[in-house]
Amino acid sequence: MNENHNASTTSQGGWRVWFRAESVLLLLLVLEIGVFSKTGTNFWTRENFFEVLRLSVEMGLLAVAMTPVILTGGIDLSVGSLLGLCAICFGKLWRDAGLSPFAAAFATIGLGLMAGALNGALVTRLRLPPLIVTLGSFSLFRGFAEAITKGVDNFTNFPPSFLFLGQGYIFGVIPAQLPCFVAVAVSFWVLVHRTVIGRELRVLGTSPEGAVYAGLPASSRIQLVYVLSGGVAALSALVYVAHLGQAKADAGTGYELLAITAVVLGGTSICGGKGSVHGTLLGLAVLAVMKNGLTLSDLPGELGGILTGVLLLTVLSGELFMRFLSRRIRLRNRARLA
Amino acid sequence: MAAPDFFKPRQLLALGTATAPVLVAAMGVTMIILCRQIDISIGSQFALCSVFIGLAAQKGGGPLELVALAMGVGGVMGAVNGVLVAGVGLPSIVVTLATMATWRESLRWWREGEFVRNLPETFQWFGASQMTGQWLVITAGIMVLGCMVMITQFTAGGRFMYAVGSDPEAARLAGIRPMWVTFSVFVSAGALTGLAAVLNAVRFTDVDPKTGTGLEMQAIAAAVVGGVSVAGGRGRVLGVFAGVLLLACVGPGLVFLNLPAQWERAIQGGIILLAVASDGLGGGRPRRLREQHEEKKRR
Amino acid sequence: MSGMRKKEFMMNLIGRGPSRWMAAVSVTAAFLVGCDKSSDTAPSSGMAKTVTVALMPKSKGNAYFISCRKGAEEAAKETGVKMLWEGPTEPDPAKQNEIVETWITRGVDVIAVAAENRAGISTALRKARGRGIKVVTWDSDAEPDARDFLVNQATPEGIGQTLVEEAAKAMNGKGEFAIITASLTAANMNEWQKQIEIVRAARFPELKMVALRPCDDLKDKAFNEATALLNAHANLKLIMAICSPAVPGASEAVKQSGRQDVRVVGLGLPNDNKRYVKEGVTPSVILWNTMDLGYLTVHVCAALAHGKLKAGDVTYSGGRLGNLEIKGDQILLGKPFVFTKDNIDQFDF
Chain R
1 MNENHNASTT SQGGWRVWFR AESVLLLLLV LEIGVFSKTG TNFWTRENFF EVLRLSVEMG
61 LLAVAMTPVI LTGGIDLSVG SLLGLCAICF GKLWRDAGLS PFAAAFATIG LGLMAGALNG
121 ALVTRLRLPP LIVTLGSFSL FRGFAEAITK GVDNFTNFPP SFLFLGQGYI FGVIPAQLPC
181 FVAVAVSFWV LVHRTVIGRE LRVLGTSPEG AVYAGLPASS RIQLVYVLSG GVAALSALVY
241 VAHLGQAKAD AGTGYELLAI TAVVLGGTSI CGGKGSVHGT LLGLAVLAVM KNGLTLSDLP
301 GELGGILTGV LLLTVLSGEL FMRFLSRRIR LRNRARLA
Chain Y
1 MAAPDFFKPR QLLALGTATA PVLVAAMGVT MIILCRQIDI SIGSQFALCS VFIGLAAQKG
61 GGPLELVALA MGVGGVMGAV NGVLVAGVGL PSIVVTLATM ATWRESLRWW REGEFVRNLP
121 ETFQWFGASQ MTGQWLVITA GIMVLGCMVM ITQFTAGGRF MYAVGSDPEA ARLAGIRPMW
181 VTFSVFVSAG ALTGLAAVLN AVRFTDVDPK TGTGLEMQAI AAAVVGGVSV AGGRGRVLGV
241 FAGVLLLACV GPGLVFLNLP AQWERAIQGG IILLAVASDG LGGGRPRRLR EQHEEKKRR
Chain H
1 MSGMRKKEFM MNLIGRGPSR WMAAVSVTAA FLVGCDKSSD TAPSSGMAKT VTVALMPKSK
61 GNAYFISCRK GAEEAAKETG VKMLWEGPTE PDPAKQNEIV ETWITRGVDV IAVAAENRAG
121 ISTALRKARG RGIKVVTWDS DAEPDARDFL VNQATPEGIG QTLVEEAAKA MNGKGEFAII
181 TASLTAANMN EWQKQIEIVR AARFPELKMV ALRPCDDLKD KAFNEATALL NAHANLKLIM
241 AICSPAVPGA SEAVKQSGRQ DVRVVGLGLP NDNKRYVKEG VTPSVILWNT MDLGYLTVHV
301 CAALAHGKLK AGDVTYSGGR LGNLEIKGDQ ILLGKPFVFT KDNIDQFDF
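Chains as they are written, first to last, in my numbering: chain R, 1 to 338; chain Y, 1 to 299; chain H, 1 to 349.
Some hints here could point you the wrong way.
[Claimed, not checked] Some but not every residue of chain R turned toward chain Y, in silico, with C-beta under 8 angstroms:
1) V133
2) S139
3) R142
4) G143
5) P159
6) P160
7) G254
8) I270
9) C271
10) S297
11) L299
12) E302
13) L303
14) T308
15) V310
16) M322
[Claimed, not checked] To give an idea of the interface, some chain Y residues facing chain H are shown, with a C-beta separation under 8 angstroms as derived from the structure:
17) E112
18) G113
19) Q130
20) R159
21) N200
22) C249
23) G251
24) P252
[To be verified] Computed list of lysine-lysine pairs in BS3-like fashion (alpha-carbon distance at most 30 angstroms, straight line):
25) Y:K59 <-> H:K255
26) H:K194 <-> R:K150
27) H:K310 <-> H:K169
28) H:K308 <-> H:K278
Quick caveat, the hints were computed from the structure, so don't treat them as lab data. Glycine included, C-beta positions come from ideal geometry on N, C-alpha and C.
Take the sequences, apply the hints, and build the full model.
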């Protein structure tokens, strides 16, 4: 909620700004960092700072691209499977078709865009609910990946120049995949927050009918977000392959739910219309730091899963409660004024 | 299916026994989807219930106690979802995403993946012979199906579900309380998941705590293939029955046709997409558009 | 509702309070500055001289690895090392990789990994070796240059040979059999299958493999797959289950089908299968002593950390296991063990 607005209605309203999801997350992040600095070995080091960033790039790419999809009120359950499909297609193109890694990467991103376009077309042309469309392609993409490799083929021995993308360090400190992630995150931030298209996406999520009446090109915008999501999933697949040095049909299993978790934790409404890319990044950071900190503190990973669920519910209910409270206060003040 | 062996009674009996738990779980999910909600936590609920059943059976619980316990545990977990969705007003997909992770990971933490072993002889097939047991499981599945058909088509409760699913606001004005309908649907779905866990567990002599992985996707897929609209308020229970059977036949079907196993998932995905696409193409398009819009507005 | 949203939407467009951004930037800055200081001090502030050994199973939730852990903990107590036990909850190469990378940051002394995927884990393990961390693989190997030693429970050749021999014994040397595996992507299972095929072709050409089905490491799924196989192949004589949950799953399926002519053999834990071995459905279960495997792994790790074990050694004396042979860089636990009706009651794991 905006300061101007608050100031005009009530002088007490200023504090409300701190109860947005982003602020809660920031607080959580500081809390996590505080706790893990005490309990974790080598947690509070520059090396670990970059390590956390490096390990969350694949997931981060998916989550950032998922944000506009959810903003329009849609969802994309197929990104994890698409990551797997793209990973093995890249391997196939490079090893069996003899393309250079560069050409194969281009073709892979093309494949990702096309797969995204398939999702988009089913959603816009046939007016099918995104949840169901992507549930179908979730099985379909993974199924193709398994069928192409017959489940056993494993692509390895990629050239070092390609592996650098996932394993190298620029100047010896900055992980090589980080600039790529930053570029994508910034582009999506600009797209969502500083362009007309971003505004249209919110309108579509807030009121699809209104958007149509307002003459917005609804279909092509929705198509766009799914295509982008597919393309970024392919990019994420490249980073994944370069990071692990191998590609197999099970790559990215379960990533879709983690990406959605980060987006929703970041304050994006699952019903669409409300949300932000920086919120998603914060949500991602909270999850990544938690996972890293738990391992460095020698605690079992299951705890991370439990905490994720609890956090998700607490943050969302807290936000809902605050919104309810602030509306009550506003109504009371208005009544007092009248 | 081009393989005659597929229709042998023994194979059908085995397939039926294996499918009955999925059917029961899918019935619960169907109710939830009819109310314009979704539940992706049932796989985890299923696993947790199974482990509880196993532990209770070790302590010597009889069949009826086991069923009551499982449905109770499932109901409680469903109630948690219900409170958060209907009471607090959070979107069901987020709530069940969170509970899915919480239940599953808690179970892992607690049991560390260990089987529940050394169950008494009377546990398997409720202590009956195998043939009787298989028929018992199938009968239970069919009875649940029958009850669901009755409930959705001939009772006030069923009409409430359809009403809340198609337009909660109108339902409220008509004197229905959408909050309670949604809550009770989640509770009953949890209880049905518990029942499904019993039907699944009695087929074996020990309990694998990893059981139920992916059950939520199976159940939702079956409901969707069976023609239930995720926009709520539309769909038939018998359609879901057909959906469950269709998807259940893909795996064994591949074995009988001597096709490689790798295609199973691709074919299932293809069936889902085909089913919804044909639904989208064949009529009802303006209505679908409206539904979608309304869905977004309401949720 | 939509009115509310619209208002919020307008606000989002107008802009946001600068305070949040400031806060975010300042936290990041504080973090970076703080890092500068502590990265120098952190390594020296290590905790005295307890050796930390980090052990990773393929997946934590697998009964097989749970029994390995028991042995590992016993050895950790004997040798006085601090043992970490962490791994993905489901087999997942990316998660394994991530945990290893985090352990490198944490600064453990020895890392021991049961690799889910040969190539995937090797990059991280090489990095660990580069930082002076000793690396051991156990249960299933990574690339040879990515680790110091492999604690090998049994060679794929040994496993393949024993499996086919037991199968042939149960089938009287001829007939159809089917394999149930964990997943079509597991590297060591594929290696075993290759060995099974080699032994079969060379010594038992009258055996015929008719199907290969995955069970996702789930007993229920193995049961369903086995049931379908039994019904689809009327001449099936034997099901070979090569992952541990599949053996009881397949045995139960055979038992329920009432087919007296079908048997199960496989790689499984004695406790899971006692019932079926005694009933005769499963004439034999093949495995090594998993507790010994975990035990030996931790012993090897401790010896490496203390400098008692070096490349080039030919024997290793590991605690209660006595002297063991080292072949190149592989420490062999022994031959696979065959559990039958006569000896299965002596084991509890």
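Would the pair Y:K59 and H:K255 pass a check requiring their Cα atoms to be no farther apart than 30 angstroms?
25 angstroms, holds
Does R:K150 sit within 30 angstroms of H:K194, going by the straight-line distance between their CA atoms?
Holds, at about 15 angstroms.
Hint status (Cβ of R:C271 to nearest Cβ of chain Y, threshold 8 angstroms):
5 angstroms, holds
Status of the hint placing Y:R159 at chain H (closest C-beta pair under 8 angstroms)
26 angstroms, violated
Given a cut of 8 angstroms on the nearest C-beta pair, is the interface hint for Y:C249 held or broken against chain H?
Violated, because the Cβ-Cβ distance from Y:C249 to chain H comes to roughly 10 angstroms (cut-off 8 angstroms).
Against chain H, with CB atoms and a cut of 8 angstroms, does the hint on Y:P252 hold up?
4 angstroms, holds
H:K310 and H:K169: Cα distance at most 30 angstroms?
With a Cα-Cα distance of about 42 angstroms, the restraint between H:K310 and H:K169 is violated, given a limit of 30 angstroms.
Given hint R:P160 near chain Y, where the shortest CB pair must fall under 8 angstroms:
32 angstroms, violated
Does the closest beta carbon of chain Y sit nearer than 8 angstroms to the beta carbon of R:T308?
5 angstroms, holds
Per the CB criterion, is R:M322 less than 8 angstroms away from chain Y?
13 angstroms, violated
Chain Y contact restraint on R:R142 - CB to CB distance below 8 angstroms
6 angstroms, holds
The hint names R:E302 as touching chain Y; please verify it with the least Cβ-Cβ distance against 8 angstroms.
This hint holds: R:E302 lies near chain Y, its Cβ roughly 4 angstroms from the closest one there, short of 8 angstroms.
Checked against the numbered hints above, the structure breaks hints 5, 6, 7, 10, 11, 16, 20, 22, 27, 28 and satisfies the rest.
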